[in-house]
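Protein chains in written order, with this note's numbering: chain V, 1 to 621; chain B, 1001 to 1274.
Think of the hints as simulated: they come from the structure by calculation, not from any bench.
Among the hints, erroneous ones may be present.
Unchecked claim - Pairwise CB distance ranges, derived in the manner of DEER restraints:
1. Lys251(V) / Arg1044(B): 56 to 62 Å
2. Arg1044(B) / Asp471(V): 49 to 55 Å
3. Lys117(V) / Ser1019(B): 44 to 50 Å
4. Lys1144(B) / Asp70(V): 45 to 51 Å
It should be emphasised that the depicted structure is a prediction, and the values quoted were computed from it without experimental measurement.
Where is the CB? At the ideal position from N, CA and C, for every residue including glycine.
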Amino acid sequence: MAEKKAAANEKPRIGVFVCHCGSNIGGFVDVPSVAEYAKTLPDVVYSTDNLYTCAEDGLASIREGIRKHDLNRVIVASCTPRTHAPLFQATCESAGLNKYMFTFVNIREHCSWVHMKEKDKASKKAKDLIRMGVARARLLEPQEEAKVEVTPASVVVGGGVSGMTAALSMADMGFPVHLVERDGELGGFIRNLNNLYVTEKSASETIKPLIEKVKAHKNIHLHLNSQLKGVEGFIGNYEVVIGTKGAEDLKAKVGTIVIATGALEFVPEGLYGYNQYPNVVTLTEFEILCKKKTLPKLKNVAFIQCVGSRGQVKSYCSRICCNVAIKNAINIVDNYENMLGLMEKSGTVVEKIPVETKATDEIMERRRRRRGRERGEEGEAEEVKLGPSEKIEVTVFNRDVMAYGVEHELTYNKAREKRVKFVRYTTDHLPKVYMEGNQLMIAYFHETLKLERTMPVDMVVLSTPLVGQPDAGELSQMLKVPLGQEGFFLEAHVKLRPVDFATDGIYVCGTCRGPADITECATQASAAASRAAIPMAKGYVQAEALTSVVDETKCSGCGTCIQVCPYGALRKNEKGYAEVIVAACKGCGCCGATCPEGAITMTNYTDAQLLAESRAALEEV
Amino acid sequence: MAEAQHAISEAKHDEKAGSWEPKIVGFLCNWCSYAGADLCGVSRYQYPTNIRTVRVMCSTRISPHIVLDLFKAGADGILLGGCHIGDCHYISGNFYTEKRVRLMKKLLEDAGVDPSRLRLEWVSASEGEKFSKVVTEFTDHVRKLGPSAVKKQEAAKAKVMAADDASVTFRLRALVGKEYNLETKGNVYKNTLDKAELEKLIDVATMDEFERSLILVLAKGKSRSVKELGSIMEVPTDKVLRHIVVLRQKNLISMEHPEGFTPTYRTIEIGGEQ
Ligand SMILES: Cc1cc2nc3c(=O)[nH]c(=O)nc-3n(C[C@H](O)[C@H](O)[C@H](O)COP(=O)(O)OP(=O)(O)OC[C@H]3O[C@@H](n4cnc5c(N)ncnc54)[C@H](O)[C@@H]3O)c2cc1C
Ligand code: SF4
Ligand code: SF4
Ligand code: FES
């Protein structure tokens, strides 16, 4: 601290290093004259030009300049701070200069490269930009970066496959984990399901080992019938309140939070006779019937895909439903009697649901069929064995089938070979579900034949999208993490940070961030766990000294700043004044621009610095 | 030194020859528009040399005061660049930017400055070409508007000063700070307010605060009557009087009787220096 004050009180001694960047700048800006000009500016005691400032000899000249000329501020006029600031800052630090005493002036991307045919004007602009940089540099102050300790423990919200996987990963790494599940049981949505695609096991069998491991793990504190009731704090230092039905609230200190609250199925109220006619069910309801072996006797089943999704009610594609429908279509064809419970009654339970995935046979089969078609022999479907399928007709009405990846396409072909019919519809001609007397009917437009058709059905299964939890908004507000337009949690960056929230210390995985199948959920959950482990393993985080600062003598305690901060980085202290949680503040400056009393300023981006820099642009020289 | 002197004579020469060049400041957010400007350079899209850019972390950092102060200092145009709505690196920063820019433009309008001298543009990190188009177009636009009147006319400067003063009043800052949340999340009673109504309310408050600030600017060091103020400001005298009542309550202006029965008013300056 003492060192910082001393440096702040010193008279500025500024060194300016103007870069040629080979000919990238030097070819379009008169670099030597710009460096000469810099010498005329207030407090500039040294100025030079380098061929490549970022090369080793350029960096050496900065270090030497700092030593020789006792510089306490350094300006590099070269390329963009977005790529090169860390390098030059580190160079300053290596010569004993606080990295916050460094100023970057961009005369390449913002000058030489965009004014390639006006050397005089570009040179004048480069001088102006350096004058602006000098105006800013004079007002800089050294900063210290706050080191914040991280409690090596986590809370995971949601006990579905995602939450369990994330909890288990972190627990295995040795971190205590609180797993908070609203229901009385672990497992989440999978508990509704019959079997899972591309495995032969039932859903509950598949998930059982995971549940058992979670329950037995010494590092996992399981809270069933529980919810997160409150959260305070910031990365490394959250205090969460876990409320359990019929028990006292529990307070826990954690360093990180993982959100895995899953999704629900869209209820197609008012669509395709749902809730109007008997035997019109959703995919999930159908799976429940299958699982309980309470399907009615069926001859004719129709699936309708994309119900309420892709522009109907929700804009997105739910990603999983094509494959779920295909899975169920195959199940019905292959295993109908078992699903009715008939085989069970006669004591011949078929344990395995044969959804085959063997690629080689499959491919050979397809090739043979294609060759057959090429020879004009359409009818060789009899080569495929027909199981009990003759008893039942399955039609999948679809807009297009999204059977992506390696296995799904094969499963799709398998379904077709098992005589599951895939009939396309367009949004201009939606299929219609209606009753003719006692008979459930579907009317549809056959796109290939261009004909209106009708067909009697015994059951209609509607494939509806996964939708965000209705109460996700509460969690989003409590944690100050965003929900996207469609009600799913929004990650920090769709490509580069898919399981982080923009707020440090909070992570997201599973269907609460968008439709995903179990494989994808487990992948995301492992990723979220390892992201959360980074600060916990390190034990601390270092906050960039780019935060807001409240002047208590001006603050009136109105609380406006607390409302606008997207990160919950402000709170009231015991005196009723606003207080910045340095580790949580990201330095956006919103509170500073908002505070009605002008009580908030930003370190390293003060009003005075910004105004000095921008006003210098207006000076006549 | 020689260079600098050359520059000075060049500037003078320019003015004489009438070859005025607009002075434009651009504030660009680090994550989108600054990156977009970088890409513009990398792709070598050309644009006029007039703009001088300042990097800020987010467009939300720019308070009305910063913009109005620069207009006061003679800027001909100011460009604010941010991420597209929904893409702000700080989630909601640019929602507030939008609200503040609306206030800034209203204040400029009240102060008689063409509000199109201030432009807000969303430029993403991948929109290099867009950045060059925006800057070219804006520079041309400002060139057509001509030099800012602030540099030549005292009256124009007084108005921009008043607008700047108004922008830092508690009332306007609190209103515009809460505007977004009132519209989306509702007030303490969870009622969200109608956007149009809220804007009307803010516009009226803006005009009031501007006029009051202008009175304080005009009566600074110079005692003035209500009639005089009304005619300079082109505001009805009863309205001026109402403002003066409020300003007196706040102890910002004092009454004097230098000319018999007509009271005049003078701004109370804190810290002496009358
Ligand atoms: C009809 C259908 C069939 C499917 N078939 C397959 C398949 O064959 N193969 C496949 O891979 N995938 C399939 N899926 C997808 C699969 O179900 C999901 O990918 C998976 O269940 C998502 O797991 P999750 O842990 O992310 O969410 P969930 O399983 O939804 O778990 C979330 C958990 O969080 C809890 N929770 C929610 N909010 C809170 C809160 N505020 N506080 C505390 N706890 C909370 C919930 O109670 C729940 O237990 C199918 C989906 C559907 C709809
Ligand atoms: S907005 Fe300003 S005055 Fe209000 S609580 Fe925050 S710091 Fe204090
Ligand atoms: S600067 Fe941004 S992140 Fe920091 S306290 Fe202010 S509003 Fe919050
Ligand atoms: S970071 Fe670009 S507008 Fe907020």
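Name the hints, by number, that the structure is in violation of.
Number 3 - this is the single hint that the structure violates.
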